[in-house]
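Peer 1: Following the hints, position chain B against chain A.
Protein chains in written order, with numbering that gives the first Met the number 0: chain A, 0 to 282; chain B, 0 to 786.
Calculated directly from the structure, the hints in this document are not laboratory data. Ideal Cβ placement from N, Cα and C applies to all residues, glycine included. A couple of the hints might just be wrong.
What the hints assert, rightly or not - Here are the computed lysine-lysine pairs in the DSS-like style, where the Cα-Cα straight-line distance is at most 25 angstroms:
1. B/K172 x B/K162
2. A/K78 x A/K243
3. A/K78 x B/K593
4. A/K26 x A/K94
5. B/K688 x B/K172
6. B/K688 x A/K94
7. A/K197 x A/K78
8. A/K98 x B/K688
9. B/K232 x A/K98
10. A/K279 x B/K387
11. B/K217 x B/K49
12. A/K94 x B/K568
13. A/K279 x A/K197
14. B/K162 x B/K6
15. A/K98 x A/K26
16. B/K530 x B/K568
17. B/K502 x B/K130
18. A/K26 x B/K688
19. B/K568 x B/K593
20. B/K593 x A/K79
21. B/K593 x A/K26
22. B/K530 x B/K569
23. B/K530 x B/K166
24. A/K229 x A/K197
25. A/K79 x A/K252
26. B/K491 x B/K467
27. A/K243 x A/K175
As the list claims (entries may be wrong) - Which chain A residues stay away from chain B? Per the calculated CB distances, all over 10 angstroms, these:
28. K27
29. R62
30. E63
31. Q105
32. G135
33. E189
34. N196
35. L215
36. E241
37. D251
38. T258
39. H274
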Amino acid sequence: MIVESPDGHCSEADDMTDTKGLIFDIKKYAIHDGPGIRTTVFLKGCPLECWWCHNPEGRNESREIISIRKETPNGGVTKKDEEIGRLISITELMKEIEKDRVFYDQSGGGVTFSGGEPLVQIDFLAGTLEVSRKAGIATAVDTCGCAPRADFERIYDHVDIFLFDLKLMNDELHEKYTGVSNKLILENLEYLANTGNKIRLRIPMVPGITDTDENLLGILEFISPFNNIKHISLLPYNKLGEDKIRRFGLVDKLGRLTTQERDVLQGKARIFEEHGYIVKVGG
Amino acid sequence: MNERIRKLREQSLNAVPTLSMERARLLTEFYQSGQADLVSVPVARALAFKHLMEHKDICVNEGELIVGERGPSPKATPTYPEICTHTLQDFEILDTREKVSFKVAEKDRDYQQSVIIPFWSGRSIRDRIFKAVDQAWIDAYEAGVFTEFQEQRAPGHTVLDNKIYHKGFLDFKKDIEVSLEKLDFYNDPDAYRKREQLTAMDIAADAIILYARRHAEKLRQSAGAEKDTSRKKELEEMAEICERVPANAPRNFHEALQSYWFVHLGVITELNTWDSFNPGRLDQHLLPFYRNDIETGEITEERARELLQSFWIKFNNQPAPPKVGVTAEESNTYTDFCLINLGGVNERGEDACNEMTYMLLDVIDEMRLLQPSSMVQISKKNPDRMIKRALNIIRTGYGQPSLFNTDAIVQEMIRQGKDIVDARNGGSSGCVETGAFGKESYILTGYFNLNKVLEITLHNGIDPRTGKEIGIKSGRPEDFGTFDNLYTAFEKQLKHFIDIKIKGNVIIERLWAEYLPAPYLSILIDDCIAKGKDYNDGGARYNTSYIQGVGLGSITDSLNALRYQVYDKKNFNMQEILDALDADFEGFDALREKLLEETPKYGNDDDYADETARRVFESYFGMIDGRPNTKGGHFRINLLPTTCHVYFGRVIGAMPDGRRAGVPLSEGISPVQGADRKGPTAVLKSASKIDHIRTGGTLLNQKFTPQVLADEDGIDKLAHLIRSYFTMDGHHIQFNVVSAETLREAQKHPEEYKDLIVRVAGYSDYFVDLGVDLQDEIIRRTEQSLN
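With the rest of the complex left out, here is chain A (with noise of 0.2 angstroms):
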C-alpha cells in the first residue's frame, strides 16, 4: 500500500485553501474497477464492518497507527507500526490522477474513488469528481450504497459509472455481516437506477454467506423492474482479507473459507444471465 510517496514530496502545508481529503492507498493500472485503464483512489472511512471486509484498513475515518504482523523466513514475527492515511488536497490529488492521463485516453479509462466507502468524505469527494470531470478524466464511484440520498444527488452529474456494491437481501442477515441494515442501500440502489444508466451492480461472492442461491435470486427480484441496470459482476471470493486480518492483527469473525471453483461462479452467474443481464464474474 501506498501511503507516503517515496519522494516525501507530499506535505500538508502544501495547499491550506484547497479541500483536503484522507486516503490510504492510491491504484494505478487498476483493471477492475470499471472500464479501461484506471487510477483507483481509496478513501478512508466506512458505515460498514463487513466481515470478509479486504480494506479494513479503511474502515476507521481518521489516521491510525496499525502495527503490521510480518512473518520473517525463520518462522520468526515482527511487527511494525505504520501510519495508515494520508492528508491529500485536490490539487495534489489531482496530479497524480493526471500522471496516466495517456492510459485513460487510450483504454478508455479513468479515475475510480473507492474506499471505504468514498461517500464518507462527500466535500472531498465532490470536490475531486467536479475538477476530474471538468479536466476530461472520466469517473468511476464504488459505493456500498450506505450514504444519505442527498449526497448521491449531489454528485449524481460528476459520476460517470457507479459501481454499486450489493451483499444481502435479507435484511436481518444484513444487519448481522455488515453491521447495517440494507433499507437505506435498497432505497440509493433504487434512486440511481431510476435517474440513468449509470450503474454497475457488483455482488461479492462470499462463499456460503452471499452467494447463496437464494441470496442471488433476491437481487434478481429486486432490481428487475429497473431497465437500466445491465450489467452485473461476481467478485469472486479471495484470501486477501483473510491475509489483512492476519497481518493487522484484527478480530476474525469469518474464519477460513474456501474460495469458489470457476464453475461454480458460472453456474452462479447463468442466473442472472438467463434473465438478460450482463454478467462478468471478476471485477
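Peer 2: Here is chain B on its own, set in the frame of chain A:
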C-alpha cells in the same frame, strides 16, 4: 504440427551443440596453399569463401523440406580462426562450462594445436585488434568500462530486404558487371580498389550458386536411393529448386524459402556476423508468393505452414558461434538474434499486417523454439487484432514475440537522415536495434558501463577494484559540495572513457575493412555493388556505429541517492556514503535502508527521480551522437544490455543506490529490479521521459504474473497499455509472463523445466541455461501482480 515436423523439431531440440573444425580446416588449407598471397585481400577472401562452399559437407536431414546446414550436421558449429583463434584453454572452457557449452572432440584439440594455432596466431583480427589499440583502451576494457563487439565476431549487424525475392545471383552478377564496366580508371583514383572488390563479389556470387547446386546433386542422389515414392518425388522437386535458386529469382513459396536459406548460410559461413543476419520483414516478402500459389492451386495453406515450420527448424539448428572471455560474458547464449519482423507499415506507410502475419504468428506459437527470435512491429495503423494475437502467445509464458513501435522506429531513422521509404521498409533486429533493412550496416561496437564511470568518479579516477588509476583526476568527492559539481566530474570521466572507446572503434573499423572484407555480404546490401565498396568499408547506403549504454536505472538511482541524501536532505555526508560503499554496507544497515527505501527511485513516475535519468541520457547522447565513423556514417547510441548488465555488475563494488558489490545492474531502460513500486503505468511513464526518437533502440522489460493475462479483458487492457507506451514514443517493450514461483521451482529442478523459455533482455533463452545470478535477477525483477 504433423509427424514430419514433430520429428525434425525433436532432432533439433535434442542435437547437442558441438564444435566443428570443418570450416577452420578448409579455410586454413586454402590460406596455406599460397593462393591468397597472389591476389588482393578482397579477392583472397572471396576465393576462401568459394573454397568453403565448394568443399564443405552437404547435409540433408531425414524428411526435411528446406535444406542446408552451416556445419556438417545440426548444431555442429564452426569456428572462425581468422577472427578469433581459440587457445586450447578456450576449447577446454567451451567443452566443460556449465552453460552454453560446445562439445570438443579430442582429435580437434590436437588439430587446433598443431595446425590452426601456429598458422593464425598473430594474424587473427582479434590479435591484430589487441595489438593496435593503446594502453588506455586495454585498461578500460579490462576494468569493464566497456566491451568490444568486434574482437571475436564480425561487424555483420544487418538484415535483408526484399531484393532476393525478385533477383537471383545471376542477376546480381550482371549488376556487378555493370559496375565493373563503369569504372573510370582515368578519373577515379579508387578504381583499382573497386575493381578488386567487385571481382571478389562476383566470385562470391559463383560460390553460393555452386553451393546450392551441390545440394541439388546430393538430393538427386538421395532420390535415386529413396524407396518411398512420395518422398522420392519430394526429393526430386527439392533438387530442382536447389538447381534454380538462389541463382535465379524464386517463382513460388517453396523456392522463396529455400533461396533465403542459402543466402543466410552464405552470410553466416563467410564470417561470424554479430546479431545474425535474418530475413527481416518476412510477412511482407512471402505474401506475394503465398497469394499467387494459393490462387493457382500450387500450394495449400497446410503445406505453406509445413514449409514455414521446416524453415523455422533450420534457424534453431544454428547456435551462435562459440564465444569466450568478455564476449561470452556480455552475450552468453546460444541465440544468434535472428529477429523476424512482422506487421508494421509498408513503404507507402500503410498497415502492412496481412494473412501471412497471422500464419507466422501461428508458426511461432506452435514451434516454441529458441530460434529464430520474433517480434511484432506495432504502428498506430495496425489493428488491435494483431497485438492481441501476439499477446495470446506472450501470455503462455514463452518470451516471444517482443513488441516494437513502428512509428518510433521510422522517426528514429528519419532523424538519422534516412529516406522515408528505407525507414518504413526497416525495423529492428538483434535485440532492439533500429535499421534500414538491406541498406544499412549498423554495428553494435560495445556496451558501455555508465555505473563504472560513476564508481571511478567517486574514487577520483581510480578503479577501486584494482587500485589502478584509469580515469582522470576529476576531484575528491568530499570536496564537490554540490550535486552539480559531482555531476560535472562524472561528465568529465564519461567524456574521457567515451573518447577512448571511439578511438578504439576507429582503429578497429579500419582493421576489419583492411583485413577481413565481406564480399559475399556486400552483394546483398545496397549500395555496395553500385559503389564498388565493401560492406565493412562503408559500402552500405547507411553506416552507423552504436555504443550501447547499460544500466540507466542503476546510474539514475545512484546519482539520485547522492543528490537527495547528501546534498538536498543532508542526511549523510559524502564520506559516510563512501565508507559504507567501501565496506559493501557491512555495518551500515540503517544507511543502506535509507538509500533503498527512502530515496526517490526511477520507475515510479516521479519527476525528481526521472529528471536525473534524462540528464544522464542527454550527457551520453551528446558525447556520442553525430561523431563521424570511418565509413562515412556516424556514431549513435542505444540502450540495451543482452546479458552485459550481469558482467558489468560483477566488476563494480557497492553503489549509492543501495546495490551491493557484484550484483547485476538494471537492464535496458528498466528500473532497478524491485525499485518500481507503483505499477506498470508508472514504469512506462518514467521510461518515456528520455527521448527514444534520438536513440537507435531502447529495451524495456516488464514481468507479469499469468493471472493478469488470464482473460480477454486482461489482454485488452495490456494492449491499451502498450498503445499508451507507444503513443509516448516508447521504442520497445517485452513481457515475461511466468510466476516467480515457477522460476524458483525451475531453479531447484532444472531437469523438469528444460523447455521453459523466458525473456532475458532483447531475446529469449532457456531458463535453465542461464547462470544462477541471471536467474536470480529475473526472479527479482518486479512482478507486476495485480489483485
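Peer 1: Hints broken by the structure, by number, lowest first?
Peer 2: 5, 7, 9, 14, 16, 22, 28, 31
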